[in-house]
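Work out the full structure, taking the sequences as your base and the hints as a guide.
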Amino acid sequence: MNYSHLCTPHEHALSRRQILGAAAGAAGALGLGSLLRPAIAEELKKKHKQVLFIWIDGGMSQLESWDPKPNTTFGGPFRAIQTSVTGVHVSELLPRSAKIMDKLAIIRSVHTKDNSHSAGVARIQRGDPKNRGVTYPFFGSAVAKLLGPGDSGLPPYVWIKPGSGGFIHGDAGFIGPKYGAVAFGDGKPPENLVAPPEVPPHDADERAALQAAANARYAKGRGKEMGEANSYVYEVARTLMRRQDLFDSTKFDPKDVERYGTHEFGRHMLQARKMLEAGVTFVKVNSYGWDTHGDNFNGHLSLMPKFDQAFASIVSDLDDRGMLENVLVIAMSEFGRTPRINGHIGRDHWPEAWSVAMAGCGLARGAVVGETNEQGTYVKTDEYDIGALFHTWFSCLGIDTKKVNYDNGGQPLPLAHEDMHVVKELLA
Amino acid sequence: MIDTKELLAKYEPGKNVQTITAEPQVRLARYSPCGKTLVAGGYTGQVRRWNVGGDSAEMPALTGHHAWIDGIAFCGDGELLFTADSWGQLCCWRGYAAEQPEVAWKNETAHDGWIRELAVSPSGQIVASCGSDGCVRLWNVADGSSVGLLKNGRDVLRLAWLPDGTLVSGDDRGIAKHWKADGTVLRQFDASSLYTLSRLQDCGGVHALAVDREGKSLAAAGLIPKNGGTLTGPPTIIMFDIATGEEKQRWKLGADNDAFVGDVHFHDEGFLSAVCYGTPGAGKLVYVAPGVEAPFFEKKLSNAHSLSWHPDGKRVAVVTTGPGSNGNGRPLDKEGNYKGNKSPIQVFTVPG
Numbered sequence: 020m021n022y023s024h025l026c027t028p029h030e031h032a033l034s035r036r037q038i039l040g041a042a043a044g045a046a047g048a049l050g051l052g053s054l055l056r057p058a059i060a061e062e063l064k065k066k067h068k069q070v071l072f073i074w075i076d077g078g079m080s081q082l083e084s085w086d087p088k089p090n091t092t093f094g095g096p097f098r099a100i101q102t103s104v105t106g107v108h109v110s111e112l113l114p115r116s117a118k119i120m121d122k123l124a125i126i127r128s129v130h131t132k133d134n135s136h137s138a139g140v141a142r143i144q145r146g147d148p149k150n151r152g153v154t155y156p157f158f159g160s161a162v163a164k165l166l167g168p169g170d171s172g173l174p175p176y177v178w179i180k181p182g183s184g185g186f187i188h189g190d191a192g193f194i195g196p197k198y199g200a201v202a203f204g205d206g207k208p209p210e211n212l213v214a215p216p217e218v219p220p221h222d223a224d225e226r227a228a229l230q231a232a233a234n235a236r237y238a239k240g241r242g243k244e245m246g247e248a249n250s251y252v253y254e255v256a257r258t259l260m261r262r263q264d265l266f267d268s269t270k271f272d273p274k275d276v277e278r279y280g281t282h283e284f285g286r287h288m289l290q291a292r293k294m295l296e297a298g299v300t301f302v303k304v305n306s307y308g309w310d311t312h313g314d315n316f317n318g319h320l321s322l323m324p325k326f327d328q329a330f331a332s333i334v335s336d337l338d339d340r341g342m343l344e345n346v347l348v349i350a351m352s353e354f355g356r357t358p359r360i361n362g363h364i365g366r367d368h369w370p371e372a373w374s375v376a377m378a379g380c381g382l383a384r385g386a387v388v389g390e391t392n393e394q395g396t397y398v399k400t401d402e403y404d405i406g407a408l409f410h411t412w413f414s415c416l417g418i419d420t421k422k423v424n425y426d427n428g429g430q431p432l433p434l435a436h437e438d439m440h441v442v443k444e445l446l447a
Numbered sequence: 075m076i077d078t079k080e081l082l083a084k085y086e087p088g089k090n091v092q093t094i095t096a097e098p099q100v101r102l103a104r105y106s107p108c109g110k111t112l113v114a115g116g117y118t119g120q121v122r123r124w125n126v127g128g129d130s131a132e133m134p135a136l137t138g139h140h141a142w143i144d145g146i147a148f149c150g151d152g153e154l155l156f157t158a159d160s161w162g163q164l165c166c167w168r169g170y171a172a173e174q175p176e177v178a179w180k181n182e183t184a185h186d187g188w189i190r191e192l193a194v195s196p197s198g199q200i201v202a203s204c205g206s207d208g209c210v211r212l213w214n215v216a217d218g219s220s221v222g223l224l225k226n227g228r229d230v231l232r233l234a235w236l237p238d239g240t241l242v243s244g245d246d247r248g249i250a251k252h253w254k255a256d257g258t259v260l261r262q263f264d265a266s267s268l269y270t271l272s273r274l275q276d277c278g279g280v281h282a283l284a285v286d287r288e289g290k291s292l293a294a295a296g297l298i299p300k301n302g303g304t305l306t307g308p309p310t311i312i313m314f315d316i317a318t319g320e321e322k323q324r325w326k327l328g329a330d331n332d333a334f335v336g337d338v339h340f341h342d343e344g345f346l347s348a349v350c351y352g353t354p355g356a357g358k359l360v361y362v363a364p365g366v367e368a369p370f371f372e373k374k375l376s377n378a379h380s381l382s383w384h385p386d387g388k389r390v391a392v393v394t395t396g397p398g399s400n401g402n403g404r405p406l407d408k409e410g411n412y413k414g415n416k417s418p419i420q421v422f423t424v425p426g
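Listed in order, the protein sequences are those of chains A and B. Take any residue in the first sequence, count from 1 to its spot, add 19: that is its number in my numbering. Take any residue in the second sequence, count from 1 to its spot, add 74: that is its number in my numbering.
The reader is advised that the hints may include incorrect statements.
In silico DSBU-like cross-links for lysine-lysine, where the CA-CA straight-line distance does not exceed 30 Å [claimed, not checked]: (1) B:K300 x B:K322; (2) A:K399 x B:K413; (3) B:K408 x A:K399; (4) A:K132 x B:K413; (5) B:K322 x B:K84.
The set of hints was computed from the structure by calculation and includes no laboratory data. Because the structure is a prediction, the values reported are computed rather than measured.
Spelled out as structure tokens, the structure:
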């Protein structure tokens, strides 16, 4: 049967609040029930694992961050500095992160396949599995489905990003649109979130009932999943109406604001911490503008300190609060940058040998896995593709990728590339 | 008004171009005051030299620096060469044309971080350095002792001396300052259109700076940034009246998808020569004249980063990067090794 994904004008008149595009997630509708044995699901729910996924869009240079090669042909102008882990050095552009290296886990032997943004972003965030004829979910959607929203009643997958927000159902792939991302453009709540004061509570209830009827009518002409997703965003909006404190930056501690940075990324990372503290399962934070084909070194000289400031602050805060045990922190791009320096004094795209920084949730503290050669051009130890990292991350979250599969209408599909495996050296 | 036809007759590069190939690549090359040595700084901590007074053969590189060498300056007395690197080291070499010059003095921590440029005072007694630590520092050329500190606060990208012993700096926000050597700021020049904040990234700033022979005009150059990441924008020179701080003229030397003016030079005859680079492989050598709106000479080159006029006035050396320097792939040489880039230094001859 062919379903229309588009609203008819008649339906649209009743569903104007759909633009709220936010999510709270009905706990019963999400979660692990259909995927895991009940005992495992119960255990995961008890621990409530969470993820902070920091996406450095465009490609952070590994040579100006986690894998410096100072004073070599392609090493660039910067020095390397000692970290809190003896013998481990990072770029001088990461002084704060260097001090908390004992809380981090770095992999320097990432080797992936795609050197274009257009394909690379999705390919990395979907874990680049074998082609099964379906679109795999982004990691955030996968975690939203596998771990559910927890007890917070908040949406399980939120995305704090520059620019506009909305409900990004495309992230969910074949597992269903309701596992998409609730995106907060510039960290702001959806418009019209606050109920007009002139609407009394009983009117609001009547409106909710009317909305439910409208949702049911919308669902009639479509597939089950689209109907669920449509209802879901309204539930999300109602939940967020009760949690406006998550968006009111005027109430954030000014000392925190200063520590994280008053710049866009600092604000978004502080808000991410608030979301994690409130119980959101998966928080993604994007930083754009890292595609430094030109003026790479002045670019990183400006960009890296801002990343460093917010990244070190949030990892330290999560640790201080005892949350790092259950929050998996990942900071990565779609690829690294070329060792060779082009005529625009930039670096181009380089998936051959790059680095990912992580922390928390079952990862070994202070681990540095893998090694590139002296010039930083290629990996000289075992190479790890994104599929191996997906196995590792699922393992950190308590999900055994050997035992748990997606259920695609009766067809079991692996959670991550079945030819790859957990990077054991990363685990505690 | 300058007669650009007359200038072109004297300074238009001829068709004969000598190419000195630096591999691995370099960004900056300067002729020595005696004209016999061409010195270049690159990305590998080596000071490269060529005997341009003879057969143009490369001489042994000077070692002891780290990473990038962005500062090269000379002092005629005693054949002194000053070099500086991106790890903050400043070095003075005696007898730069010799096979193995001696280190007269060096300071490994002259700056905390990237030294962006060096310039020797008209008196020949002070070498000034500027860097990412936000300072201009003054050093006694004789022994390397500190004789002054000018606190700018922001990353100082470029500097130049005036004939009267004052100096100008240009920073990463597009602000140029006229300083007395005691640290007093005499005047500011607003070239902030050479800067923008794009998302998180501070983009642009004064990437080239020059003062005319009389110390009356200042040229601050870079690009008008359109976006961060792959930084692009029209390469631009802004000329100021030093006495008043007023902008006198600006030249937009390219399109929105070009990039920086990498170097600019006031010729004694009053015109400016400049080089630009862009992506991929774009760039040019340009002459402009005060009072004349459009460049009176342009020659396309691949990513031109610096220019240096020979003391004889009949040659100009331009550091370029070879075509095909960009790319996301994995370029390998015949032996299967990963390829870096090289820098053809193109030496143009002019009638003079």
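Subject >> Violated constraints from the hint list, given by number and in increasing order >> reply: none
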